[in-house]
Structures are given as C-alpha cells and as structure tokens.
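Chain by chain, the residues run as shown.
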Amino acid sequence: MTAIIAQLVISGLLLGGLYALVAFGLSLIYGVVRILNFAHGTLLAIGGIAASIIFAVYKLNPVLIAVVLVLVFLVFGYLMHIYLLDPLKKRNPFEATIGTVLVTVGLLLIISDLAAEIAGPTPKNIPLEFHAYIVGEVIIQRAELYILGGITLFTIALHLFLKKTWFGRAIRAVTQSPLGANICGIRSKQIHAQTVAVGCGIVAIAGVLWSLKFPVDPYGGFDLTVRAFTIIILGGIGNLVGALLAGLFLGLAEVFTSFLWASDWAPAVSIVLLLVILVVFPRGLASVRK
Amino acid sequence: MRTTLFAAALGAAALLGAIAPASAQRTDPCAGPITFGTTISATGTNSTLSDRWMKMTEIFEEEFNRMAGGVALSGCGGKKVPIKFVMYDDQSVPATAVSLYEKMATVDRVDLFVGPDWSTHGFPVSQIFEKYKTPSVMSNVATPRVYEQGFKYITGLAFHANTWSQNYFESLKNVNPQPKSVFWIVHDNLIAKTVYEIHKPIAEKQGIKTVGEEIFAPTTRDFTGIILKIRAAKPDIIYISSFDAVSVPLVQQMRQLRVTAMDVHHIMATGSLARQINLEGVTGELYWHEGIKGPYSDIALKVLERAEIKLFDYLWTGGRLDSYFVMIQAIEKVGKLDREAIATALRAPGAKWKRPGGEFEFDAGGLSKIVAFTHQIQNGAPVIIAPAAQATGTIKWPSPTWQ
Amino acid sequence: MTGSATEKLALAAIFAIAVIAPFLGAYYLTFVFTMLIAYVVAQSWDWLHGEAGYVNLGHYIYFGIGAYVFSLGYINELPVVVCFAFAALFTAGVGAILSYPLFRLRGDYFAFATLALLPLFDLLAANLKGITKGTDGIPLPPKGVIVMGVDVKVFSYYVALAVCVAAFFLTIWLARNKFGFALKAIRNDEQAAEICGIRIFPVKLKTMALGATFAALAGACYPWAYRYIDPTTVFGLNVALIPIAMALLGGTGLLWGALIGTILLGTMQQMLLVQISGFQATIVGIVTLLIGRYMPGGLLRARIVRGTPGLGALGKEHHERLGVRPAVGAAGEALAIERRTIDPDRTILTCNGVTMAFGGNIAVNNVTLEVKEGEILGLIGPNGSGKTTLFNLISKIYEPVAGEIRFDGHLLNGLRRDTVSHVGIGRTYQIPRPFSDLTVQENIAIPLMFRGDGGLARDAALAEAIKFARFAGLEARLFDRADALNLQQRKALEFARALACRPKLLLVDEVASGLTPAEVRAFVDHIREMRDKYGVTVIWVEHIISALSQVVDRLVVLEQGSVIADGPLREVMADERVLRTYFGGSLKEHA
Amino acid sequence: MLEIRNLVVDHGELRAIWDVSLDVEAGERVGLLGANGAGKSTTLGAILGIYKASGGHIRYKSAEIANREAVQNVEAGIALVPEGRQLFPEMKVRENLEMGAYPRSARGKVAENLDRIFDLFPILREKQNQNANELSGGQQQMVAIGRALMSSPQLLLLDEPFLGVAPVIIEEVMAALNRLADQGVTFLLVEQNIHRAMEFVERAYVIENGRTVLAGSKQQLLGDPEFSNKFLGLD
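Protein chains in written order, with the working numbering: chain A, 36 to 325; chain B, 2 to 404; chain C, 98 to 688; chain D, 926 to 1160.
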C-alpha cells in the first residue's frame, strides 16, 4: 500500500507542479494588470506544440527550445499588452472589462485556429525516452525527475526573482498597492507590459515541460485556464508559494480521486473546489488571512 | 405603422429571394456531373482524425474522373459521367453539420450524400437524409443505434462495433499460453464504450475473465490511479477501447510504470500514436492497409499518395474512401441517377459490395459488416496477424515489450 | 414603445424575415433557427449583465439543462408542451438555487465561478449515466419527426421565434419597468440600492431564474429540432461563449445589442462556413478582437454607428428612450413627503451602548445617544473618530457588535438594510455614491419607486422626482447622467435622493465642504425647511462648524469612537475637553 | 524650493483643484490645511506627479515639474507619505522600506538609509522581518515615512500622518519629524488636526474648494479671525 501511495504522490506532484506552473503566469498578470486572460491555457498549448515541432524537426535540447520560446513569448506578451490591452485602460471600467474579454477571447480563437491550420490539429508531445529508477515497487522516470527538477528550479528562480530583483519587487508592489508603487516611482504602464510579457514567458516554459509529459493540441488548454483560475484563487493572487501549494494540492487530489473513486470524476475535483472556496469565502482565501 | 411593416416585409422577401440561388431540379437522370454532398470535420475537436480529408476528397474527384473515367451509367447507354463534390467543414459541431446538409439538400441541390463521419453527427444528420429521401453512405458512424432507427436512406461504412475485435479474440484461441483475464480501459465516448460493451461478453464466453474496468474522461492526463489498479489486478490482456489521441499519456504511463501483460490491445493503435509513444508489440485493428490489394485499390492508393495520407496514421480514411466507392457502385448498379432506386439498391439484402480491403455486406440496418484486420506493431510497422487469409506475419506471444 | 422610424422598420424587417424564412427552404429554416436560439441565449444572458452588471459566463448551462430535461421528458413520451414546461420550470429552479451561492460573489469572482459551471455540468451530464445516458447522448425517437404532415422543425422554429419575440419585448419591459430600475440600481451600486429601499437578492434571483427559463426554452427547441443531444453539444465551452460574444459585440445593455450582435456574428459565421475553406475561426477571432479593441462598448455604441443617421437610433441607451419630460410646475411646489407634526419630547432615535469593531480596531465605542423628534443634531469629531461608522450603523451598512439602536419604535438590530429607508431613514455618503450611469431624474425616482408602501409607478416616480431635483437645484441637469455632474452637484443629487426616501430621520454626511458660503446658506435653509415644514429629524456630520452653527440645536462630539461631549452648540464649543482633544486646546495657546 | 502657481487638476470630468498657489522655501515647514475634500491630497499628488495638472505651474528648484513622471520627481528629491499609508501589506517591513529606493538614483544608498531610518524609528529595526500588515497603525505610519525617506528626499510631502495613530506614537513620530527638519528636510504637511499641524508648521495655507483662500505664518493665522472662523465656526 505504501508503494501505491508513493507512486500516486509522485504522479500527483508532477501533475500539480505543472498546474502550478500554468497558474504562475496568470497569477502575475492578474495580480498586476487585473486582466482575465482567457487565452492563457491556449498559449500553453501553442507553446507545447511549437516545442514538439522544433524538437521533431531540429532535435534541439528541450532546454534550448524553452529559451527560444521564452524569448518569442516575451515579445508576444509585451506587444499584446501595448497594442491590445493597455489602450483599453483609457476607456471607462465597463468598456475596459468587456473589451478585455473580447480581445482575449478573440486571441484564443485566432491562435488556436492558426496553430491548427499551420501545425495540424493532432496532439503533439516531446517523446523523450529515459531510464527509469525502481525503488521497491515505486518507479520514477528520469524524465519525470527532470520535469520535477525543472519545476522546482523554476519556482525557486521565480521566487528569488520576485523577492530579490527590483523588477520582481515592483511586480509584487503593484499587485499589493498600485498607488503605493506609483509613489515609490514605479512606472505602472511599463511594469504592466513587462509583467504580461513575463507571464507569457512563464507560459512558454510551462508549455515545454508540459509537452515532455503530456500531449497538447491547439483546441485544448481552456480547461487549464479554468484550473489556473482555481489555483490562484486558492493560493492567493500574486502569491507564488500559495499557487505552488494549491497546484500540488490539486494534482494530488485529482490523482487520488481517480484511484480511490473513478477517473471520470477526477476533473470535477478542481471545479468543485473552486466553487466551494468561492462560496465559503466570497472574496477569496486571501481575505481570510487578514 | 401598417405600411412600414408591409414595406419591410416586401423588402425582406425581395432580399431573401435575391440571396436564394435559383437552381432547377435535375430532370435528366443521365446528365452529369453527379454531385456528392458531404461535410468533413476539418477543424474542431474531431479534426485530429480527419484534417486532411478535404484535400483528399478533392484529389479523389480528380483521380476517379481521370482513372476510371467517371461513373458508368448502363441505363444511359453506358455513358460515363464525372462526379463532383460539394463539401463543407462542419467544424466538429453536429448542429453545424445539420444546417450544412440542409443547405446541400435545398440550396446546392446535390444528387447524393456521402457522409458525415462520427456517430454524434450521424444521429442528427440521418434524419435529413430521410426527410429529403436522399440516400447517403456515411463513414465512421459505427454505433448500431444510429441504424436501429428504422431509416431507409442511410448506410454506413465503418467497423461494425459488434465485430470490431472479432478477429482479435478469434486469434487469441490459438496462442500459448492462453490468456485468462482482461482489464478494460475505456475512453468515455460513444463508440469506444459500444465496442467495450459488446466485446466484454465475447471475451468472457471465451473464458477470459474481466478483472477490472475503468472509464476515463477525454481530458484525463494522469493515469497513475488506473495503472496502479491494473498492476494490482495483474490481467493477462489489457484492452484499451479509446481514440488514439486521448490515450497517448495512458500508454506512455503504462510503459513508464512497467505494466506487464501478455498483450496490450488498443482498438486504434495508429501511426500518430506510434509517433508519440513506443507502441512496439501492441495489437490493434486496421480497417484497411496499403499492403492489402483489392478492388479500387489502385485509385485509392494513388489518392492517398497524392494527399500524403498514411492509412496507419489516419485509421478512418479507409471508411471515408470506401463510402465514395460504395456510392459509385450503387449508381452503377442502378445504371442512372435515381435516388429511390439507389437507396433500394444500397439496402438490398445480401448484396455484395467491393472495397479495397475486400468484399462486404450491409446488415439490416445499413451498417457495413466489416471485420477489422488485427495487427501487431512489429519493428515499428503494423503486421497483419488475422484473418489468416490476409495475414502478413504471426503474432509474437506473449507480447515481447510488455514483459 | 416610443421607437423611432428606423427601429420600427428594422423590427418589421427582421420579424418579416424570421416569419417567412421557413418557406424559403429548409436551409434557411435551419440557419435562422440557430440564430433564433442564439439570440434567446444572448438576450437572456444580457438581462443579468446589461441590466444588473453580473458577468455570468456559465449562462449556457441553462440551455443545456433545458435541452436535457426536454429530451428526457420526450423519450418518456410526455406531451411536448409538458416537456417544455418541465424544461422551463426545472431550469428556473436550478437558476434560483444557484443564485444563493453565486450572488455571494462579485465582479471577477462571479465570472470565475460561473465559468466553472460549464465543465461541471458537462461532467455531470457525462457521468450521471443513470439519468443522462452519459456521453452516449440522447437520441429522440424518429416517430415524432413529422407532425400533422409537417416537419417538426417548422414547429420548433416557430416556438423559438415566439420565445425570441417574448425575449425582445421582455427586454423593452425590463428596461422601462420598476423591476428594471432595481436592476440598474444594483448594477451601479448595490449598497446604495439597498439604502434606497431595494431588496436586492430577490431581484437578482428573479433575473437569474428568468434568464434561465428563456435559455431553457431555447435549449428545449434544440433537441426537438435536431433529435439528438450529447454533453459536449450542449455544455461545450466552444459553443457556450459564442452567444455572450454576440451580445457584447452588439452592445450589452442595449435593446438592440444582442439582436444585432447575433445577426451579424451568426451571419458572418455562416458565410465563412459555406464560402471560405479554412481560417474561419481566425476570421471570427479577428473580428471579435477588433471590436473589443476599438469598440469595447459594442458595435452599436461605437461613435461611427451612433453618428449615422437612422442607425444611431438602434444604439440608444435606455434613458434616451424614456419619454417623461418635466411637467411644468410651480417652483415652490411641495415635495411628496408626509408633513409630520413634531412632538419635541418624543425620542425618535436611541443608541444604547453601540459598539463597532473592525478586527482589533474599535471604531465606535459604547456610544449612547438620544435624538428627539424634530431635532437637528450636529455630529463632529476629528477624522477617524467614528462619525461615519456611526452613520453606517444606523443605516445598517454594519451590524453593531454590541449595543442597541432603536428608531421610531423599531429595533434596528438585525434589520435588513433595504428596510432602513422603509422605516424612515435616509442618508447621504461622504463621497457621493449616485447611480452613475442613470440620469439625475432616475436617480431620484428610484427611492420613490421602492418605498415601503409599494412605491410609485415608474412614470409617477419620474414626474415626482422632478420636484426633488428642483428643490436641490438640479432641474437643469435632469436628463444628464450622474457621472457627468461635478462634485457639488453629485452631493446635491445624493441629498435629493435621500429626501426621496421620505425620511423621518435624515443622515447628512459632510455636504458643506466644497460649497461657497452662499451655497452653504442655501443648504442650511434646506435643512431647516425639511425640519420646519416636513418634521424631518436631521443628524449632520460636518467638518465645517461654521455651517453647523447656523442650524443645529445640539452638538455631539466623537473622539476615538466615544462621545466626549453632548449639548447645545455654545456649551460644547466651550467645553475644555472638546477644545483640548478636538482642537488641541484653545488656538490661542499656539500663538 | 517649491513654487505652485494657479494649479488646476481634474479627476476625469471632475475638477478637484481650481486655483492653488503656494510657495515653500528650503528648510521650511509649511502646512496645508482645509476640510475634507478641499483638495489637499490632490495637491500633494500633483506635486509628486501622480495626478496630471490641467493648468498652472509647479516649479521645483526652479524647474517646471508639472506632469513629470513621479519617478523623475522622486529622483529629484521629492517624496510623499500618502494618506492611508499605501504600504505593501504582504511584503516585509524591510522590503517595504527598500521599495522607497526604487528609483535608480536611490539604489546606491539603501543600507545607509535603512540605518538612518532604523535609528529614527528603532521599533522598525526589531520588526523589519514582519509583514507590514502585522504592524499597528502607528508603526505602519513609521514605515510609510521611512519608505519616503529611502530616496533621501529634500522635500517631504506628508498627508495626514497622524490619522489613526495612538497619541503616544504621535509624539514619537513628531519627534522624528523634528529631527528630520533639523537635518534640513523641507516639509509640506497636510493635516486636519489643527492642533497637531500648528505644533509642527511655521507657516500654512488654507485650501477651500480647490482654491487657496488664506495664507500666513502660524502667528498671523492664529490671530486672523477668519481662520478661527473657518475651523471653529465661532464668531
């Protein structure tokens, strides 16, 4: 039984870690810019597809692929904010909200359709075969260790980035008090654009790691957006550690649900969790801590 | 107010009248070309199975008219008329498919239908064929319930869910050691579940006991829970009834977690699956395979080549092509373009139909009684292991990569 | 309806097309049918969004539930009418039940939660196999396809059309009706709406249930015509957001928004479908994106559309459709406030040991206070001394943690916020909170419509509101939106709105700051008139003591949440403790 | 040092400041008094560059700074302690302070300035690793002042620094402000509490309805019947 639990925990952590990674970008963007980006999960799918195509064609190392994609996504995010989202801020709040919904939903349609037209609609992954380690009855793939390592390293790096760098601190400052940040001389427009860029960059990394473990297709990804929302509400907006814990919890919950109950109910876990949390704490969990 | 309303109504009627194309009903049953109406899921969720078929259908029209010279109409003095396709993308949405078939029936006025694919589309669209009394040879609509509605104008080219794995379970009688138990893993999808429900009693009749069954949602990504249950159950056979795309992580994780069995059977062990994961040693079903020559196989192979489609990658392409061939045969049997006669001919009891993979009959409801070829992936390519007549190799038993 | 010629023409044309489409052929029938269904879903979504301001991203579940209930009834061979009734009733019930948890949420959180409903119901439909037959879906038996020699699609088409017409006229009704004004008040400011006497939850629940009913009727038409449903067709995310996009595209909250949006997007999708192979979704996406980017208020609100003669009529906001012009009346005309005779010995408000704390911070500390009928009481104290919190306690924004508040024979503890105006308390906010996208007239009319006695009818309320506006000096701005007013005018508007609550007790929070001395004097006269003419008791929080000194009978001083002085103005101002703690001793000390 | 002439500021369609003019000399302590909503905070915001001026001039050390970005003004030596403190609740006290040194010119002297602030408010040294939202109101106010000091400002704009602060702490804050003044910092103080304000400032302006209506030294104002009238309402 311990072996079974151990195996489930490993899978749950892996799945949850990837979920958390998806949520990180959304969390930063939502925290700073207060924009619901409906295209977020779809961006991950596009990143994963691009990564698997680059891998299939050029046989590049996934780390290199990630570097390339991060750069592309950074630019994409920056331009998206400057040309599509920021101009909406000048409108009244009502129009700004609706405009944001239309723009991000429009983006979602465009990128998934374009990806399907260009790369084909079939799911793709990065098929890496690695050695497996067997401890008793527990089996761990080396690829999984790489992914876990990648998630851990990346989370630490992101954490340090937000804690230690001026830019990272500015992101947190704007999240917690936009006016306070302004008083300290933080240029909000610039930080907004840069945060959207960074958020998209994180999605690229998540996409690469994701496609190492699971296939992605251009029409998928929206359920990941919903999960990412769950995670940031569970973990607190702009709270990285919270998002990581929430993601891991979600992953473990889904894996255990599918083992102990039935796998067709596993996707319900995150949805029910989201609804229950929101209903019990209508202003998010963060309000409880205060 | 009354005058405005009247004026507006007049204007609206004029506008609609202007949009509606004036196309006269065909009166001469010998005039060509004969138009086939169809929709293809070129975008949306089902497009993973069929995204190249639009191009393929265009090429088919061209190659058939060139290579066969058209449809031979014996009732018109043996004159050959070309075929022509009217086709749309149904975007994988059944409601869209319905509106498109309505359009083809009433605006484009196609002569006959070949399509749609998928059981979810087959249900609503089959009523359109009844309504317009226009026969259709659908493809890949395998759920028997579509054909149990008592409709006259539908036929369908697909594996019969009832016989899907018939050859596989037959071949299991001759292997040594004999498998004693099976674990069913089922994609929560109409066709996958039907196949599982039908074969479960067949297996049990053969003395293969069910030691576990699990239905999973299409969005499932982590299968550790299921796999641990499999490992605990220690089945001889793992039978995966699933679409290929959604089962990639399942098979991958089964490999990674060192699942052992005498055989892993996947009802859609396709090339696109094999490209993403190691399928070596897995058994599965094939509708048709490039290596098997039969009627029309020259045209079919040419079309596939030009459309850059490998049957192993796009498992259901065979059904699509066959629906074209069957419709053409039906017209030729009747000898002229007569919808009623064609519908009757298609459903004539005991009639034999040709396809590149061999001959077959329709059952009473109109679903093709096609028995799949069972194959095993050996050295990265499918080897037909049953039925014996078309076999290109023998099964490796127990499956070497699942030990 | 006071529609323009364009509107009549457009309505007639659209209706005519819709009526004759089935005769043009099955393709047109099917095509228009999908648009009819989309319009019902889009429009019923917009009741909650356009009117009440809630973004229900999961509205499509009602369509799906309606489709399922109908199908289940149908395969159990219930009459079609009964199936429709079940679909509507059951779904309305679901909407009502979901209202309880969902309306605890606001803004983005409401959107998150409702978005999650779609995959949840998809999953329920797929997994509750005993009821829904899971992913197999439900095929309807073919024997009902031809009814009385006519394709059943024609019947379902005209049912859908009837539902559309009902939805359209319901939209007109909603925009003009009292119920609609409750929604508009909620959209702008829920707390202020409650202060004006609107009990908001039932209004929201009814709107949700109404929207659910209509979406369910559309949902029921779907399987009737198409004969088959499965979970992804009726709960799929890819189809669910389209009607919302249609409403947003046209212009949410506008009479024509959902209709025009549906026609444009629906036609465009269909055109792309039959004419262009490939990139259809991309094109739809680009159009959606461009509208969001350049016309985020929707197509009909875009300047270019509003400016086009004829077309502009379609983009009219609801208040541009309200035809109530000011009735010419005498300047000194009496307000519709009951004239009470004051009994100066009667205590109207009693606070007994009232305490309020936020976390560890005690904002109001054991305040005991009595106010006599007809008194004008000044309430002063430094910033943060608890004046506004005390107002908030009396007007039930907060529930005190200890102590008792009695008003005019009612115990206020535990009372709902919306009954506060009904028992006779009106208030203003320190930072004015008018309903910003409503006109001055509408703002004032809202409390008149939602009085405790059932309130005035809409037109009567709007007419009556003019008198209050005139009283507050806002007659010239009667038809301007509140967000176009300057601060002083907003304060005046709030004052008029508070008076329209017909208060026995008026709580005035810092009205004078920002007024010129002459304006202050006019305001003081208003306060006095309210008391002398109508017998209204007043508590006035003010920083500017010179203003208070002109009118108050008594002054109460708060410091750190406690009453430190209570008495006639001169006595209080001479009180050593007040001078010390409030003014830091006599100013002469500094000199 | 600071010279404002006929300043006009609009919040959207609302005009908050109609006509404000004032001067602050280097080393002075100047008060800005007035009722709620008179436009005091908006004036401070406009000086720092948070709000755009629609008209008039703001000159700092003879340079026109109206409509400059806040960051430029912070770099030039202006800092604001805002109303309501506007701390970063889930950042540590130390991080909050360090954010005050965000402009590039201030980043070099973080350690030095931290020391100076910890000397000024020793309690913050103890609590530097606590989250800002765990502090009492007075301590939060110290953080807000400290954060403003991190950019080594020459002109410190204080917006109601004593609001919600316990009297005992007010004394402490007041003492710290006096020390800063001795070090040569110039102050522009917005305060409603006349008593506190008059304790600290040398000179004051009174704003009403977005206009400067009175000005003078402490003595002049206290002797002016119009002034006491405005705030006491007693003739």
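The reader is advised that the hints may include incorrect statements.
[Stated by the list, open to error] When the alpha-carbon atoms are kept at most 16 Å apart in a straight line, the in silico EDC-like pairs for lysine to aspartate or glutamate are as follows:
no., chain 1, residue 1, chain 2, residue 2
1, C, LYS413, C, GLU104
2, A, LYS224, D, GLU994
3, A, LYS198, D, GLU1020
4, A, LYS198, D, GLU1015
5, B, LYS235, A, GLU164
6, C, LYS226, B, GLU215
7, A, LYS125, D, GLU938
Think of the hints as simulated: they come from the structure by calculation, not from any bench.
Original post:
Are the Cα atoms of A:LYS125 and D:GLU938 separated by 16 Å or less?
Top reply: 13 Å, holds
**OP:** Measure nothing beyond the straight line between the CA atoms of C:LYS226 and B:GLU215; if it is 16 Å or shorter, mark the hint as holding.
**Re:** 14 Å, holds
**OP:** Decide if the proposed pair is consistent with the structure: A:LYS198 and D:GLU1020, CA atoms, cutoff 16 Å inclusive.
**Re:** 9 Å, holds
Original post:
Would the pair B:LYS235 and A:GLU164 pass a check requiring their Cα atoms to be no farther apart than 16 Å?
Top reply: 25 Å, violated
Original post:
Can the restraint linking C:LYS413 and C:GLU104 be considered satisfied, given a maximum Cα separation of 16 Å?
Top reply: 10 Å, holds
Original post:
Are the Cα atoms of A:LYS224 and D:GLU994 separated by 16 Å or less?
Top reply: With a Cα-Cα distance of about 11 Å, the restraint between A:LYS224 and D:GLU994 holds, given a limit of 16 Å.
Original post:
Taking only the CA atoms, is the gap from A:LYS198 to D:GLU1015 under or equal to 16 Å?
Top reply: 12 Å, holds
The structure does not agree with numbered hint 5 stated previously, though it agrees with all others.
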